[in-house]
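Q: Chain by chain, the residues:
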Amino acid sequence: MKQSSPAYASLLLALASSTAAAAVPPLGKVEFNRDVRPILSDNCFYCHGPDQNHRKAKLRLDEREQAIEKKAIVPGKIDESELLKRLVASDPDELMPPPDSNKKLTPDQKETLKRWIQQGAEYQAHWSYVPPHTEPLPANAHPIDALVQKRLATLHVNPSPEADRRTLIRRLYFDLLGLPPSPEEVVHFLNDSAPDAYARLVEHVLASPHYGERMAQGWLDVVRFADTIGYHSDTPRNVWPYRDWVINAFNSNKPFDRFTIEQIAGDLLPDATPDTRVASAFNRLILSTEEGGAQPKDYELRMLTDRVRAIGAAWLGQTTGCAQCHDHKFDPFTARDFYSLGAFFADIKEPIIGKREEGMLLPSPQETERLAAFAEREKNMRADLEADSPERREQQKRWEQSLSSGPVDVAWSRLQPIKLYGDRGSKFTQNEEGVISVAVEGNAASDTYFVTVKTPPGLTTGLKLEAISADTLPQKGPGRSQNGTFILNQFSVKDGDKTLKIAEATATHEQKGFSAKLAVDPKSANDPKKGWATLGNELRDAALYVELEKPIEGERTLTIVLRQVAGDNQTLGKFRLSATTAPTPVRAPGVQFPPEILKTIALPEEKRSAGQQATLAKHFRAVAPEFAPTRTALADTLTAKAEFEKSLTHCLVSVSAETKRTVRIFPRGNFLDESGEVVKAALPHYLPQPKFESREPNRLDLAQWLVSKENPLTARTVMNRLWKQFFGIGLSKVLDDLGAQGEPPPNAALLDWLACEFMDSGWDMKHMVRRIVTSATYKQVSSASPQLLSNDPDNRELARQSAFRIDAELVRDNALSVAGLLVPNVGGPSAKPYQPERYWENLNFPSREYAADKGDNQYRRGLYTWWQRSFLHPSMLAFDAPSREECCAERTRSNIPQQALVLLNDPTYVEAARAFAAKILSESTGSTEDRLHWAFQRALQRNARPEELTTLQALLQKHLTAYRADLNSAEALLQTGQAPAPTNLDKPELAAWIHVARVLLNLHETITRA
Amino acid sequence: MTSAFSSAYNRRAFLGKTSQGLGAVALASLLTPSRVNAAATKGVLGTLPLPQKVKRVIWLSMAGGPSHLETFDPKPKLAEMHGQPMPESFTKGQQLAQLQGQKLTCFAPQHPFEKFGKSQTEICALFPHIGSVMDEICLIRSMTTDAINHDPAHMFMNTGSQIAGRPSMGAWVTYGLGSEASDLPGFVVLTSLGKGGQNQPIAARQWSSGFLPSRYQGVQLRSKGDPVLYLGTPQGISLEQQGSDIDAINALNRHHSHLVNDPEIATRIAQYEMAFQMQASVPELMNVTGETASTLELYGCTPGDGSFAANCLLARRLAERGVRFIQLYHKDWDHHGGIKEGVALKAQEIDRACMALITDLKQRGMLESTLIVWAGEFGRTPMSQGGSGRDHHNKAMSVWMAGGGVRGGLVYGATDELGYAAVENVTTVHDLHATMLQQLGIQHESFTVKFQGLDAKLSGVEGGKVLKNILI
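Chains as they are written, first to last, in our numbering: chain A, 1 to 1010; chain B, 10001 to 10472.
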């Protein structure tokens, strides 16, 4: 393209003025939003802005009347305006901004303010808080091109020509699919001479299932989707079905308003389905902790603020985080707005501290059938067990007699704990019967209980630990795990510093492989897989009997240590300790009888209440030997069902609790300060909104408001982000802040048009994508003359396209695709690509080994990579994939040595080079030169250039000579990766071609979309 | 003392000389100074507003939260009150971790204290080696922090904020000052485990560059496997072959650059050169066989054993090579129980090594240009936990500094008589950051980056204050 230098000069001037009001606006009227607000916001609002608690001299400059009333501004009169005097004051006490603020206005900025006041000091409402509007456009023109060219005309710059077709198809594929086009697809497009060839290509791409994957990537960043909880132990949680939901939503072109509503309130919809509930996993994507000693109030606040920031980042384009502690310094967003917005989410049922629940079960149709079969079996077995008959009454009577006549377990004295302590923060309550319950807020996934007791008078020979079922525990306990089980890894008895020796341990029940003996074997004390466990449902009240090697004299203080290190809440939820002075041996009887049962049995039948009778009948069935086969069968069924359920797909979803958590404003964000006012859910006060007469609005109201046409922010925020996907930078360059400290878009009319069109089309995302990629603006070449490049390095004015490095996931997808290794299945659980050993060594509770996936899952797209927040896969990290600990609207795009190390040495890329080389040798024919062209077509959709051929032929020859002389090295190189090495190829030749292939995969052009 | 510049230059000369057989041609072609400069990390600050007292920082992070009461803060009164209820006047309405809502009992310091150095500073007798260099050390007994759980507390200590996504101090410093190491990252992190088994997890975000460019993120040096991730060439590819491939990649990239005029390509070429240099320089750095027997004895380490002592020796080697910010994590300080044995074990692991680092830097004339900081993420309660340990605590902790511009032998600030809260010259993490930046020649209040509408800075929105009284 040809440009004259004066045109560049004016471009330079105009560009400078358009970005952050850096220079005096050119002639004409000073515009408040464009020219003045950025200066005032950055330099003055900190003390003279919306935050009333921090306001100095009771002066605010963000509102015209107040600024005039205080004489800071006298419209039209520069000599009388205090504001201007203060800017140039020589007395440091008078000077503004104060010297200690480290803020200083440039002469140009001062001049801008002066001219603004001279022209009447007109204010404007902040640009993004007024509804977007469209201006009349020339007929038949593409609106985007019309608006871009209108602005370029004022800058005297011409747009760039259209890129060639090879560039266009490559660009379109990366932008919309994240994958390179195949050589065949390129040829087809190059040879398609129909006038609508490009339009049809766009439709083809929009219909591909990979479109949803590509579009999901940015959304997963902004909602901080990850496989792990984030804080401290950073353990896994079940959320991957949400990723599938996002992909499907883009593929089915779910309107963005519905897309929003389902995520925020999919559980509250009158027509809620499993699908909309999975969408509501959005509310669960926050960070959480399992750290012992974490305080619920602290984390309740962290979770609230996390959610408010997400709404601000993903939909509103507002930075809200600062309002956790005080009113926003620059925007009208107050602390009250912050906590009121947080109150929308106070209904979500979730543990504040500790392991997340498994989540909603998402069975396939076949799995649903199996579940129904389990339920049916359970129902029948219970009915069989509970059935009443004269025969059974007779059996029960005999059983009762056998109990009342023989000696029952009387020699046990309950031990009342003197002190109770959980190493990892479990909290306890105890009743007068010596029954100890782990309090609901007990949050340790593993814990060691220390129970200090005093032994009864006489010689204590043994101890008994009863594991007691309770309605409040999962599956009625007695353990705290999902299945109601526990694993007691070690039972030890301490007398001061001394550990007492144990002669024998037996139990009324044992789970297979978890015998009582293991719990007293010191060798396996720290082995999470060794210990005593029961089947853990209501039929399995159980007790552990421990015989001491030497009896202990009476009334000694002992500490009984119950070590439970298996994790997953495999800890006791309810239990009791007793001691006996009975002569040895101390062994478990077949059953154990609670006192209330013994009491009932002692009563004549007619004196028993109906309740007592029922309890007794139930207990009889629970313990009597006659029922053992039925009991075992039922227990086995329940265990099998639980195991089956555990193996199925689960997803954390939003479930609304009947009573909401109380939300109050925490002054300075201090969760210990409960002096702040209690607030109800409310929308930010400064934005247009409906009235909710007498009711408190809920999440559904919030979601509907976000995507209502009255909301001036959402469509702009979403379109601004979308624009970045296609041009490398937003129209307003700060994607997560459309507020005062963000940037008024240089081409505001264009962003407004996009926002209006988006809403008017019924929030039709594919429509907007189609509009953008079919514009001439999108199709321009990305190369620029040095002058255009230096005048507009970031391409803010769109006089060309931009070239930029593709995202982390795409770097991987591209290499695997070129190599022919990619497994392009859409959806499914996260995948684990090769990762350096010990990369997770700093993770703990529990410590973890990373096991790379085998087979197809090894070759999934980057989007499906296991997202470990605290240690994201290092290849992803190197290419700027965010850890997703915070919402990320915009990735950085760095160029660092680690990227070279990854592409050169990560086994994923070595294996890709190997597969690519094998492909070249098996699928291309002819001379080396022909093969190189073939390889270039595959990697770059073009032929190799002469210089490239020379360099690579020399490289190939050099390596070939070396590998011919050193076959071992060639063989070693062929071993990287799981994919089988072809056996029909000459090894030194293949090894040498691997080098050519890796050069191609490492090229800047290969990882660049231009 | 060798200036950092000439030491960096020598490194290149060294690589040039020893590169025979390591792709010598490629190496030599990569090591022409003009092209090396393209990869060197420059800081954004240019001319510094303040005199630069130190060129680098070695930060010793004692992860888990060391008890000040068994290390650097003697409390005889607490010993007297052992077993008695903790007076409520101290603890009412305060933030506690696992002890929240429990009965609070005074727990005596578990080890005796002794006086060391000319200054006669009293520290725990478990640390005689640190005691022997006490006159080099400025001890702050009045440090406080905001957070009380490990993860947020580490974030606060590293980034000045409890919210993820902020740059770590090492990233801030290299962003501001760049690095003098041309063939190593400017911000290097090493971790070591303790033998007590209370090794709390540490997230990679602790050395993240947050919203700063990724090139400033900390690079972890590992003691096993590749010292830097993906540093080793693939099996079957020699370093020389790697060099040929990089030459070819760069030749093709250069050719492409002539066609499209994209400045990113020049950077890409420089980064491939830097990556290749690291493939030679990092193994050389990790190879301590050239260290004298007396040096190894000083640190008391077996090279390559991954211990804190071995990491201290590597820290010195990194400092010599011009690395700007070196952070060592040593874990296992989380003594909820068994604190008596636990701290004794930790003392064995770190006491000699800390002394050795100070002594070694001093004898090489580098101590005055280095700032060493020893700090945990929080302190521990004077109250007992479970009869043998202490809980997390954010009202009081001890940290110390040594090196350039710091007043050795000084004790700054104090806690109350039971060691519950800092009461005299109360200092904050932001103060610590502000002071560190000042020593590096950076005006902490104006060292800001625009993020989410705010002028974000390491020393916090409200701003820390430079601890002038501890500086010479």
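Hints were generated in silico from the structure; no laboratory data involved. It is possible that some hints are incorrect.
To be verified - The list that follows gives simulated cross-link-like pairs (lysine-lysine, BS3-like), each with its CA atoms no further than 30 Å apart:
| # | chain 1 | residue 1 | chain 2 | residue 2 |
| --- | --- | --- | --- | --- |
| 1 | B | 10053 | B | 10103 |
| 2 | B | 10468 | A | 56 |
| 3 | A | 103 | B | 10042 |
| 4 | A | 494 | B | 10195 |
| 5 | A | 114 | B | 10450 |
| 6 | B | 10092 | A | 104 |
| 7 | B | 10053 | B | 10450 |
| 8 | B | 10450 | B | 10118 |
| 9 | B | 10468 | A | 854 |
| 10 | A | 56 | A | 70 |
| 11 | B | 10195 | A | 498 |
| 12 | A | 501 | B | 10195 |
| 13 | A | 498 | A | 476 |
| 14 | A | 523 | B | 10340 |
| 15 | A | 104 | A | 733 |
| 16 | A | 494 | B | 10103 |
| 17 | A | 660 | B | 10092 |
| 18 | B | 10053 | B | 10362 |
| 19 | A | 607 | A | 641 |
| 20 | B | 10195 | A | 517 |
| 21 | B | 10118 | A | 427 |
| 22 | B | 10450 | A | 104 |
| 23 | A | 454 | A | 397 |
| 24 | A | 427 | A | 379 |
| 25 | A | 476 | A | 501 |
| 26 | A | 501 | A | 512 |
| 27 | B | 10224 | A | 529 |
| 28 | A | 103 | A | 85 |
| 29 | A | 419 | A | 512 |
| 30 | A | 56 | B | 10465 |
| 31 | A | 512 | A | 724 |
| 32 | B | 10362 | A | 724 |
| 33 | B | 10053 | A | 103 |
| 34 | B | 10450 | A | 103 |
| 35 | B | 10340 | A | 494 |
| 36 | A | 454 | A | 512 |
| 37 | B | 10224 | A | 523 |
| 38 | A | 103 | A | 70 |
| 39 | B | 10042 | A | 419 |
| 40 | A | 103 | B | 10465 |
Q: Check the structure against each numbered hint from earlier and tell me which ones fail, lowest number first.
A: 1, 6, 8, 9, 13, 19, 21, 23, 24, 25, 29, 31, 32, 36 and 39
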